[in-house]
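A.B. asks: Okay, here's what each chain looks like letter by letter:
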Amino acid sequence: MTDTSANAARPFQLSLPLRGLGKPSTMGGRWPVLILFLPPALLLFTLFVILPMGEAAWYSFYHWNGYGAPEQFVGLRNFQVLFNHGAFVTALKNNGLIILVSLVVQVPLALWLAMMLAHRIPGAVTFRLIFFLPYVLADVAAGLIWRFVYDGDYGLFAAIAGFLGVESPYVLADRNLAIYAILAVVVWKYFGFHMMLFIAGLQAMDKNVLEAAEIDGATGWQKFRYVTLPLLGSTVRLSVFFAVIGSLQLFDMIMPLTGGGPSNSTQTMVTFLYTYGVMRMQVGFGSAIGVVLFVICVTLAFTYKRSAMRND
Amino acid sequence: MSSNVESLSFGRVSQLVCTTALAVTIATAASAQTVVSLMHPQSTPLVLEVWDQLVAEYEAQHSGVDVQLQFLENEAFKAKMPTLLQSENAPHIFYSWGGGVLKAQSETGALMDLTEAMNADGGAWKNSYVPASFESLTFDGRIWAVPYQLGTISFFYNKELLQKAGVDGENIKTWPDFLAAVKKLKEAGIVPLAGGGGEKWPIHFYWSLLVMRSGGKEVFTQAKNGEGEGFMHPAVVKAGDHLAELGTLEPFQAGWQAATWPETQGAFGDGKAAMILGFQNTEIGQANAAADGKGLAAENIGRFPFPEVEGGLGKITDTLGPLNGWAVTRNAPPEALDFLAFFTSADSQRKLAEAKAIIPVAKGAEDGVTDPLLKMSADELAVSTWHQNFFDQDLGPSIGRVVNDASVEIAAGNMSGEEGAQMIQDAFELEQF
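Going down the list, the sequences are from chains A and B.
Numbered continuously in this note's numbering, the first sequence closes out at residue 1290.
Numbered continuously in this note's numbering, the second sequence closes out at residue 447.
By construction, these hints were calculated from the structure, which means they are not laboratory data.
Keep in mind the model is a prediction, meaning the values are calculated, not measured.
Selected chain B positions facing chain A (Cβ under 7 Å, derived; list incomplete):
{"hint": "1", "residue": "ALA93"}
{"hint": "2", "residue": "PRO96"}
{"hint": "3", "residue": "ALA118"}
{"hint": "4", "residue": "THR122"}
{"hint": "5", "residue": "ALA268"}
{"hint": "6", "residue": "GLY269"}
{"hint": "7", "residue": "GLN271"}
{"hint": "8", "residue": "ALA272"}
{"hint": "9", "residue": "PRO411"}
{"hint": "10", "residue": "SER412"}
{"hint": "11", "residue": "ARG415"}
{"hint": "12", "residue": "ASN428"}
A virtual CB, placed ideally from N, CA and C, is assigned to each residue, including glycine.
Given these sequences and hints, build the entire structure.
C.D. replies: Structure below.
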């Protein structure tokens, strides 16, 4: 089943070298391309990804405030402090929670909406646009907008509370509630993106298979469960991949909303890095956080690619 | 094909020549000008207006100098400075809060040692400032920044609201007086305090001042230098307990744990909270931040110094507040120093004081402080028995932020005074080698 999408892509890949060289691709035809195109990419990647990562790994063994050269070697102390840090543990938990909500709420919601909007029904384009709009907004802008929405003095929540005649809530100031307020914004912000992925996936689907299922007397749910979902498999796996990586990187929306507060209850790994590494001029400690974050991301990405996306 | 290439390259070359010629012309025109760059986190329009006037005035007198003011938002300013100072693009002059951060910067060799310049001509330049203004700008006898302003943190209150609750602001002298006032305000259905827990540092004023009142100069200095019991000194723990006691009264406005400083000042300016622990220029601050842009009328604002605590070793005349200066980087041209001498001269400082922007540090500029509320702060500073820089600056960025964290946690009731002190002491020990 998954072969359909792979087949669709293959002739296109082959046609390029055919047209360019007038003969099937061989190693002889590939070398000039390699020599011409690889060095710039490799150089940039080394310069801006590998070297900084290596530097961070080096700094993480030092106690260093960013001024002068790092001199105070502290071994693994930064990591030791990090794993015993209450706020870092909260940050890890929050990242887990964000991933969970992305998978359990956001992706199914996006899929459900996509199922409704993938067909050429009246108003579909308008709704697609509306649902996609939050994703277009810059993260910081979205954070600022929602800070105003949640505001208990002059915000939308205050107005609603006033209308209902109840005491206005200050969700962002409550350390038990703030993280849920942020989760709501995360779902609101990114479901449109996943929905678009699914719509694209649905539109690329072979309609004949659905039709065949229909002729066989499959119900709506059966069609979805046994035909659409398996055919969408690669899109779903990609969507989950984006959701996980996006959750791990979540930063710019949280800063204007809560800045990680109150009482560190809304820290994620990246806001933790910024608050404890950059703002406190603890570059050594910050680098240690960066290294841990990097290891987590790489491990997740590779395991996921190797297992779930093996055939995509 | 080849002729095409040639004509193209010829076009390129001629274009290049033109651009280069143009660039050279511009460069020669500009070389007559010495650029002095100054980086600052100041965003209050009122202050910037006076700065711009002063710069224009200086440039008019010195036609060869172009002074460029560059703004960076507070947090960004602090975060970018370490990188900037190590690069070629470091500004010639930049704003400093003194204390631990300036000390760290001075140790890297990125800054210009101003001691000689200050002491030249029998210390003419140095003597033009109030001696106390060098306190947290000097390390081991070397001066690392030009003084700019002094300030003090104290309570400001809404006279009308206090009267409504039957509280006399002028009679709040001790911590129990203060707690009683908070209770009375609460009973009258008035929010007693505006607090900015979102940014944390506004709450660290409470803890800092309680430590100063409870332990006095000696205890704090010992803690800062890692002597004796450090931050676990009973007086420091006691200070935290006092703050926790205030916290149990729930004195702050609703949502204070997420409130930014402008929102906090706004709560006071809008009359939604009766008191605020704020800067010497709270009057213009609250007006700026108020919903109507006007805030409380000056005659409706009262002021009292942070109250004394029972059995405390500190005095009510000890002051906590900013001591700002201008640090100069190593490669700055001589004009930078000349500009700073002008920028912080008695005349310039008088103008800033008249705009209610600063309490001057230049001798002879005191008469610029005409505003009654600002004058109260200035008078208090003039007779200060111990002026202490902000804890979060003095202790350096790392421990400083922990002080901020602990202060909010204590005030929110999540930590006891002892746990807060322990958290700070732990952070302090981590920094030592």
